[in-house]
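Asks: Protein sequence lines correspond, in order, to chains A and B.
For the first sequence, the numbering used here assigns the number 225 to the initial residue and increments by one for each residue that follows.
For the second sequence, the numbering used here assigns the number -10 to the initial residue and increments by one for each residue that follows.
Hints were generated in silico from the structure; no laboratory data involved.
Being a predicted model, the structure only gives us computed values, none of them experimental.
Just so you know, even glycine gets a beta-carbon here, dropped at the ideal spot from N, CA and C.
Treat the hints loosely; a few may be bogus.
Over 12 Å on every C-beta distance to chain A, these chain B residues come out as not near it, computed from the model [to be verified]: (1) ARG10; (2) ARG76; (3) SER93; (4) ALA245.
With the C-beta cut set under 10 Å, the calculated list includes, among others, these residues of chain B facing chain A [said to hold, decoys possible]: (5) THR100; (6) CYS163; (7) VAL209.
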Amino acid sequence: MFRFFIRRVALTLPTFVALMFVTFVAVRLVPGDPIEARTGERGIAPERLAMLRHELGLDRPVWQQFLDYANGIVHGDFGVSIVTKTPVLHEFATLFPATLELTLCGLIFAVVLGIPAGVIAAVKRGSFFDHSVMTVALTGYSMPIFWWGLLLIMFMSEYLGLTPVSGRMDLINYYFEPVTGFMLIDSLLSDQEGAFGSAVAHLILPSIVLGTIPLAVIARMTRSSMLEVLGEDYVRTARAKGLSPLRVVGLHALRNALIPVVTVIGLQTGTLLAGAVLTETIFAWPGVGKWLIESIARRDYPALQGGIMLISGIVILVNLIVDLTYVAINPRIRHG
Amino acid sequence: MAAPSPLLSIRNLSVTFATGRGPFRAVDKVDLDVATGELVAIVGESGSGKSVAMLAVMGLLPWTATVTADRLTFDGKDMLALTPRERRKIIGRDLAMIFQEPMSSLNPCFTVGFQLREAMKAHLDLDRTARQKRAVELLELVGIPEPERRLKAFPHQLSGGMSQRVMIAMALACNPKLIIADEPTTALDVTIQAQILDLLLRLQKDSGVGLVLITHDMGVVAETAQRVCVHYAGQQVEMQPTHGLFRDPHHPYTSALLAALPERASGRILPSIPGVVPGLADRPAGCLFSPRCRFATQTCRTVPPPRAGADLGYALCHTPLVDGHPRALKKLEMPA
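Using the sequences and the hints, build the whole thing.
Replies: As structure tokens, this is what we get:
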């Protein structure tokens, strides 16, 4: 188990090195640089441009800039944002709880609906329910996130007036200092009546939008995995014991069927965080995604590099955790 | 088949599967009676419907199967009229089954102990410690050393023979009245086969439980069973007490099966039955065995055979054999 863990962690190192390189290059491939982005159409005197570039170290050879950046990251220093002049790590830490809250809610939405839908579709294969679930899942999977988000806002917020259009909190009626950064928890801690309800209401639409693709993937994966497992001999053994269908399906079959589903859920965290960038932009959600989009517009190299590295790191970490969960579910790996 | 009050009584059991190419009759009008403590063997080639017939008794066939019977009673209860809930109270408790593939019949995600105690939890009124105690006893009974340690093991840590011992222990857990063993030794190493069979027969003798042994090993049948049913292509072609069947088989198929036994072969070449079991598409119009039968006449090829009486082993044949010769033919050949 310990050796498995060490080996698994060691495998992530080359990924990080490649990531460092790719983010560095990709960020610089976008035309323009931070100074041009800030001066915009006004233009800037060439000598002043040269001076500012020198200040930011942008006039040095690219390989030197890369080594500086790599050296910083190895020492845990993600640089300072060119625009806000605050350390990237600090900005990220301030914004990340909002993204995490949204991502978790989206994931919970996807898992809580996706797994039962997949299981029922598999048990009642060929039924109307099965066909409906699979059609809806395919539609959800194929839908562009931003379009789906706008549709939901138009219908739920504009037409029905049920949910707020954007943001994390009704700031006209409630205000409190962030404690944990999670609006659901902070609103409860604030003791302001109605604040928690407002936080929940603000979370509903973004979570649905963000969770739709993972929901589709999880439902389809659960269904196919379940179909395979339901034909296994041990499921027949369980039925031969006279166990209830709920126990046969929900315990004997599902436990085995979940193994590939957990892997898929892990892989979906990447999709979720990428989806969060779009979702946050649509719903004006003050998280890491929206911050990254703004950083692209400002060509804020350190913020972009650092932000992408940190998000990638989180995706890698989640997949590491998933692999360890996998071991917990599947005894054949644990003792293998 | 005049057992006083048979534990299991089957008349005209048929099972039809809905397939892509139309209905397929896997079991065709099969009869069977098993008395308490009796050992009945069902023999036949692969695909002769032996397992399917017994799975129908257990109610374990997939939803594509249609089961019909004039009578299907176990322990006085009509198994076809039971609700699923009522059936689940019987199977696993009074009626247990052991399967062909021990390695895949145990759920890889749960310990041996969990799976063993589970059946007791469903059917017996035992508390946790009593179940654990009984699980240890059961493993001792089936000859597994270090039972306490083995209960904590996962199925992949056991060998095939060990797994089948666990399956036998599981079948015995609730003191069943009848055990159906579906080729319990086929998937095992030859050296282990005899051990497992001996164990099964010893336990059957000791506990007085009824046993239906599905096999294609005539040698095993000769040594163990009191009565034998021979199946061919879903039909029951003969049923006789074991010594009668081996002394004087009445159906040409039984006769050919016995002739193919190595210990009965007289020449240097082991006799075999030419051809294969007919599939869904190439079913003969008359007797299903006629294409492979060396006694087949024109009548055999066109008219389905009648069932003979008890004196001729209920043989499904136009010309049942007596002392190795077709009886009806003999009559015809003898000049008046």
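Asks: Give a verdict on every hint.
Replies: Evaluation of the provided hints:
At roughly 17 Å, the least C-beta separation between ARG10 of chain B and chain A is larger than 12 Å, which holds for a residue marked as non-interface. With a minimum CB-CB distance of about 8 Å to chain A, ARG76 of chain B fails to clear the 12 Å threshold, and the non-interface call is violated. For SER93 of chain B, the shortest C-beta to C-beta distance to chain A comes to about 4 Å, within the 12 Å cut-off, and the non-interface label is violated. Every CB of chain A is more than 12 Å from the CB of ALA245 of chain B (nearest about 32 Å), matching its label as outside the interface.
Hint status for THR100 of chain B relative to chain A: holds, with the closest Cβ pair at about 8 Å, below 10 Å. Given hint, CYS163 of chain B at the interface with chain A, holds; its Cβ is 9 Å from that chain's nearest Cβ, closer than 10 Å. Because the closest C-beta pair between VAL209 of chain B and chain A is about 22 Å apart, greater than 10 Å, the hint is violated.
Checked against the numbered hints above, the structure violates hints 2, 3 and 7; every other hint is satisfied.
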